[in-house]
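Participant: So the sequences go chain by chain: A and B.
Just so we're aligned, residue 2 is where the first sequence starts under our numbering, counting upward by one.
Just so we're aligned, residue 5 is where the second sequence starts under our numbering, counting upward by one.
One thing to keep in mind: the hints can contain errors.
[To be verified] Partial selection, computed: residues in chain A whose CB lies under 7 Å from chain B:
1. M15
2. A18
3. A22
4. F28
5. P44
6. S63
7. P164
8. V169
9. K304
10. I445
[To be verified] Sample of chain A residues with no beta-carbon within 10 Å of chain B, all distances over it, derived:
11. A74
12. R91
13. E104
14. G108
15. P185
16. D191
17. D192
18. S194
19. N198
20. A231
21. H235
22. R288
23. L376
24. T398
25. R421
Since the hints were made in silico from the structure, they are not lab data.
It should be emphasised that the depicted structure is a prediction, and the values quoted were computed from it without experimental measurement.
Idealized CB from N, CA, C, for every residue including glycine.
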Amino acid sequence: MDYVPHSNEDREAMLRAIGVAGSEDLFHDIPTDVRHPHLDLPPGMSEPEVIRHLNALGQQNSNVLETPSFLGAGCYNHFIPSIVNALILRGEFLTSYTPYQPELSQGTLQVMYEFQSMVCLLTGMDVANASMYDEATATAEAVLTACSITKRSKVVVPDTFHPTTLEVLETYAEGRELSLVRVPAFTIDDDGSFRDNWDAVSAAIDDDTACVAVQVPNFFGWVHECQDIADTVHAHGAMFVVSADPVALGILTPPGEYGADIVTGEGHSLALPPGFGGPRLGLYATRKKYLRQMPGRVSGMTKDIDGKRGFVMTLQAREQHIRREKATSNICTNEALAALAFTINVSWLGPAGMRKKAELCLAKSHYAAAQIDALPGFSVTAPGPYIKEFVVHCPATVSDVNEHLLAHGVLGGYDLGNLRAELDRHMLVCVTELNTRQDIDRLIGALGEFNT
Amino acid sequence: MQNAEPLIFERSSPGRHGYSLPDSDVPALDIEEAVPGHWQRESLALPEASELDVVRHFTRLSQQNYSIEHDFYPLGSCTMKYNPKVNDATAGLPGFSFVHPHQPESTIQGALALIHRLSQALMKITGYANCSLQPAAGAHGELCGVLMMRAHHVKQGNPRRKMIIPDSAHGTNPATAAMCGYTAIEVPSSDRGTVDMDALAALLDEDVAGLMLTVPNTLGLFEQDIVEICRMAHEVGALVYCDGANMNALLGTVQPAALGLDVLHLNLHKTFTTPHGGGGPGAGAICVNETLEPYLPVPLVREEDGVYAWDYNRPDSIGRIHSFYGNFLNQVRAYTYICTLGDEGVKRAGEYAVLNANYLKERLRGAYALRYDRTCMHEVVFAGLKEKAEGVRTLDVAKRMIDYGFHPSTVYFPLIVPEALMIEPTETENKDTLDAFIDALLAIAEEARTAPELLKEAPVSAPVRRLDETTAARRPNLRWEPPE
Chain A
2 MDYVPHSNED REAMLRAIGV AGSEDLFHDI PTDVRHPHLD LPPGMSEPEV
52 IRHLNALGQQ NSNVLETPSF LGAGCYNHFI PSIVNALILR GEFLTSYTPY
102 QPELSQGTLQ VMYEFQSMVC LLTGMDVANA SMYDEATATA EAVLTACSIT
152 KRSKVVVPDT FHPTTLEVLE TYAEGRELSL VRVPAFTIDD DGSFRDNWDA
202 VSAAIDDDTA CVAVQVPNFF GWVHECQDIA DTVHAHGAMF VVSADPVALG
252 ILTPPGEYGA DIVTGEGHSL ALPPGFGGPR LGLYATRKKY LRQMPGRVSG
302 MTKDIDGKRG FVMTLQAREQ HIRREKATSN ICTNEALAAL AFTINVSWLG
352 PAGMRKKAEL CLAKSHYAAA QIDALPGFSV TAPGPYIKEF VVHCPATVSD
402 VNEHLLAHGV LGGYDLGNLR AELDRHMLVC VTELNTRQDI DRLIGALGEF
452 NT
Chain B
5 MQNAEPLIFE RSSPGRHGYS LPDSDVPALD IEEAVPGHWQ RESLALPEAS
55 ELDVVRHFTR LSQQNYSIEH DFYPLGSCTM KYNPKVNDAT AGLPGFSFVH
105 PHQPESTIQG ALALIHRLSQ ALMKITGYAN CSLQPAAGAH GELCGVLMMR
155 AHHVKQGNPR RKMIIPDSAH GTNPATAAMC GYTAIEVPSS DRGTVDMDAL
205 AALLDEDVAG LMLTVPNTLG LFEQDIVEIC RMAHEVGALV YCDGANMNAL
255 LGTVQPAALG LDVLHLNLHK TFTTPHGGGG PGAGAICVNE TLEPYLPVPL
305 VREEDGVYAW DYNRPDSIGR IHSFYGNFLN QVRAYTYICT LGDEGVKRAG
355 EYAVLNANYL KERLRGAYAL RYDRTCMHEV VFAGLKEKAE GVRTLDVAKR
405 MIDYGFHPST VYFPLIVPEA LMIEPTETEN KDTLDAFIDA LLAIAEEART
455 APELLKEAPV SAPVRRLDET TAARRPNLRW EPPE
């Protein structure tokens with residue numbers, strides 16, 4: 002099937018109006034020897050057939066609704082209320098375009114403004130854009146911006162940062178020839194426990210440093226004290242980029258209060274289900290003085306000619322469609338629908354719901370950690386406060402442990418051996434408000450039965 | 005459409021709440037001990053609203069939006085075609101939406117198969133040797149593609165410095181070139197609306213890393229010299245990037261790889277009907293020939309004896325450009341669409357997109373000026389009204405479309421056409437809709453002559469009228485502030 006609505010009669014009438022004999026005549030600019038290739042695609046399916054086909058593919062995947070999961074490591078399964086899907090699937094939001102014509106896009110533009118306001122409040126910053134692709138690209142854009150503003154090219158990042166963000170950062174840095182200094186910010190003792198080496202970050206900062214980028218909580222779930230770094234960064238005329246988890250910001254001090262110049266983050270966990278890692282939602286907020294260097298779309302409040310309040314996309318002089326090669330970034334399509342989902346969910350949660358969600362993650366992750374730590378052969382290692390995620394040192398490789406867990410119907414934690422071979426006995430366990438005590442106890446029970 | 009809706013912050017009332025979360029089922033934790041007090045925030049001024057407040061607020065806001073599901077959305081260069089509902093149904097299946105990206109390969113065979121099959125289908129449609137679905141949007145695909153071109157040149161010993169881009173190109177092209185460390189060099193268009201071949205020949209040298217061309221170009225015209233352009237570029241060791249934003253025109257008619265273009269991005273949200281969501285999430289794909297294949301981002305999916313696995317073993321890869329594997333749920337939508345259309349449906353989509361655009365062009369040519377009077381592909385660009393009216397600009401024509409019930413077409417792009425008015429109908433609009441739109445545009449042209457003030461005052465029927473964009477930019481108000 003297809004979605005072409007024309008009858009043969011319509012088609013003939015249109016061809017006559019154009020003045021050609023057949024539609025083939027409309028393609029005469031294309032060299033004939035390459036025209037109409039044999040595509041070799043299968044024949045089209047009817048709707049029931051395509052649903053059956055996709056459903057069968059979907060059933061080949063385990064999913065975290067049915068299988069208790071302790072996977073996090075950058076993608077979190079948090080509760081998204083039913084109203085989110087009901088509202089974002091409204092055609093008026095779902096099938097509209099970038100609000101180039103504000104008179105017909107007040108819904109999208111007001112949502113963008115509300116989203117920007119919420120991101121500012123959560124992060125403690127002055128201004129925010131209306132979203133980016135994901136945390137990794139938002140952080141990469143933040144680093145590029147910091148390098149442009151400071152006219153320097155050295156970027157300091159601790160190796161406690163999310164590893165794929167570091168990889169994306171390296172990819173983005175390639176074109177601009179930036180130098181990424183990866184600071185070893187932790188060490189591992191013989192007994193497998195992690196030791197904090199956080200002072201090394203400040204020590205790596207000098208007058209060539211464009212910016213320091215850190216993550217709070219970091220990849221391992223730890224919360225760092227960042228005031229010292231912020232002070233050192235600023236003493237050297239550099240900028241401080243903080244990537245923060247908005248769920249944790251339900252309880253943690255906003256980075257704006259300890260000197261962040263740009264705050265990025267992954268908003269996906271307050272907007273959408275895991276979705277095999279995408280779509281996601283990059284957050285980006287900054288100080289007012291850096292507003293005109295900020296990448297991405299922004300909605301602003303203004304008035305129409307009758308004096309009525311309205312919203313427009315503004316500060317477009319920074320953007321690629323106006324400024325071309327001098328633009329702050331090439332980004333145009335953002336994640337507007339995911340930003341809408343975030344705005345709905347955060348409205349629903351309010352301050353009390355945000356706090357409660359963060360406290361549930363805190364309580365449940367600490368409960369799981371204590372139980373696992375009490376198991377023979379397993380130990381939990383965290384050099385300071387942690388929320389939602391923690392590192393477990395296992396008596397065997399994580400892949401062996403996870404295979405055992407899968408046989409017990411549990412998706413175990415993330416194998417830190419993917420990060421470094423010597424961490425192949427370290428598992429990153431994630432517990433959110435969606436993990437019930439029953440799930441956690443099932444994990445503990447299965448781990449307790451693990452024989453090396 | 006509805007009237008103004010207060011901000012959700014203005015609907016807030018202290019103590020009201022909408023959330024419903026379970027009470028903790030684990031032993032109580034001393035929060036102060038887990039997170040010391042000085043690391044805890046003091047306040048959070050988010051709105052406090054009931055669930056019904058929230059539902060009504062966003063429902064009312066939705067009613068202030070125009071969408072494809074209302075009526076014709078003839079935005080040139082944006083490919084606003086119908087987004088089939090079945091795509092959303094399949095993307096919403098728990099087997100896709102509730103899958104975690106770090107799950108073991110044995111538990112994600114369906115997701116890996118889908119990525120592999122969609123890649124294969126896109127390779128068949130475009131003619132390329134391989135494909136990555138990691139880019140999250142078209143511009144992200146461009147970044148990926150140009151970084152791959154750069155990686156190729158670095159491997160040859162020199163990244164080179166220049167990127168040639170036509171004056172008619174999307175702004176993303178020069179912005180991308182700059183992000184990848186290249187100097188954007190503009191090549192002018194000829195009086196036929198395609199690349200000026202003499203100017204191009206004069207610009208090509210061994211410091212040119214590549215050309216970024218849109219095929220068909222942003223004027224809706226097919227680059228007739230494209231085979232020769234690619235040959236000339238390759239002769240000096242440069243590569244040719246194809247901005248595939250306009251691929252909808254070529255579906256089933258030509259594979260860009262066969263024209264000599266080395267790399268192409270697809271906008272899955274345009275050509276393959278994933279809904280645009282008010283500006284994203286979109287989804288990109290980057291397709292490459294054998295020369296550039298080694299540089300594709302990691303990971304790709306490989307298949308052996310019906311078993312799918314991640315392939316990270318690609319030593320020349322540019323690395324990663326996304327946290328995970330791109331906008332997977334939109335890949336599910338695009339795959340659903342391609343399965344539905346199949347071989348014949350894909351061909352019909354391209355053919356009818358071009359038919360519709362040429363029909364609009366012929367019916368409107370009496371009232372609107374054609375800068376390039378040629379057969380167009382999937383979109384048509386007019387240089388404003390044929391009979392210029394005092395003080396009436398293309399923006400006024402566009403705003404008047406609103407009063408006739410249509411979303412305005414793209415205006416003032418491409419930059420090289422004075423008073424540009426760019427219309428892309430797509431294949432999913434029927435003749436009745438096109439005729440109604442044509443009638444409206446003809447009536448507006450007549451009004452421009454007889455009652456121009458109607459155009460200058462438009463729109464009068466929208467939730468708001470023309471907005472003060474100058475003040476918005478000079479004195480930005482970009483967020484709600486909590487009261488002191």
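Participant: Against the earlier hints, flag every one the structure doesn't satisfy and list their numbers going up.
Facilitator: 3, 7, 10, 11, 12, 13 and 14
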